[in-house]
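Modelling step: build the complete structure from the supplied sequences, incorporating the hints.
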Amino acid sequence: MDKKAKSILFKTYWSSQGWKREYETDPVDFEYAKSKGLMFDPISLSMKEIKSNLKSLLNQIEKEKITNGFLSSLSNKRLDWRSALASYFNAKLILEGKREFYRPEIFKYENEDLNVLNFERIKWSGVRHSDLLYNYLDLKLFEQENVSKPTELDIQTFKDILKTINDSENGEYPGKLRDRLKDVMKGSKNERHTIMEILGCCEILEPKSYDRPTTGRHDWAFVEYWRGEDKFNKKIVDEYFGQYVK
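Residue numbers for the sequence shown follow the numbering used here, so the first one is 55 and each next one is one higher.
Think of the hints as simulated: they come from the structure by calculation, not from any bench.
Predicted, not measured: the structure shown is a model, and the values here were computed from it.
The hints are all genuine.
Okay, the calculated beta carbon distance ranges per label pair:
#1 D237 x K102: 43 to 51 Å
#2 R157 x N224: 30 to 38 Å
#3 K162 x N224: 41 to 49 Å
#4 Q114 x D237: 32 to 40 Å
#5 S100 x R234: 39 to 47 Å
#6 Q71 x E197: 32 to 40 Å
#7 K243 x S129: 12 to 20 Å
#8 K243 x K213: 19 to 27 Å
Mimicking DSS-like on lysine-lysine, the simulated pairs with C-alpha atoms at most 27 Å apart in a straight line are:
#9 K203 x K243
#10 K262 x K236
#11 K146 x K194
#12 K262 x K117
#13 K194 x K102
#14 K230 x K131
Just so it is clear, CB atoms sit at the ideal spot from N, CA and C, and this is done for glycine as well.
Encoded structure:
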């Protein structure tokens with residue numbers, strides 16, 4: 055990833071104080087970042103077009119590459135690679151009719167800013183994994199990557215994450231698991247939060263019931279109703295990570 059282009063992208067949206075109020079990029083800088091594949095012109099796509107594009111991407115990207123990208127990100131910190139697991143799973147379920155999408159078939163993405171999506175993707179592993187436009191950008195860029203195989207450390211870290219989940223106590227809320235994960239993986243509270251959401255999106259952290267109270271103010275999405283007794287979905291783990299966690 056080109057460092058200068060990444061810096062241009064980040065400075066468009068982020069400062070030391072957080073999100074900028076206005077998003078501006080110098081035209082020359084924009085063209086440079088665009089030439090390096092990190093910034094893009096606005097895009098318009100119908101629902102039919104985006105689903106067709108996603109179908110092609112799902113056929114092109116091997117599941118093993120998705121798995122390797124997620125695992126290797128645990129040590130190389132390519133958070134954008136980590137994101138692809140959620141986008142792959144979400145797009146696959148929606149296209150197969152196994153997960154509802156919140157936008158109607160007549161909806162059209164108009165003049166959408168892909169750059170803010172790519173910023174979120176690189177900085178945090180994405181925050182909009184339930185959205186097909188994000189899935190499209192995420193998988194399109196991931197498909198172009200030369201993804202490395204996971205190291206022994208990556209594999210052990212993932213095993214430790216699964217053990218930490220499995221050791222959860224009955225009634226434990228997502229926030230408690232997020233805190234306990236700091237003992238087995240490096241990274242900020244936000245990184246632990248997002249990896250849990252990714253595991254929730256792909257139903258590894260799957261709530262067994264939605265008839266449960268929540269904690270009021272929170273920013274959980276996929277794992278809002280997960281509790282400690284739910285542990286993890288062994289079937290999905292075996293399907294995607296079986297070769298590494300046997």
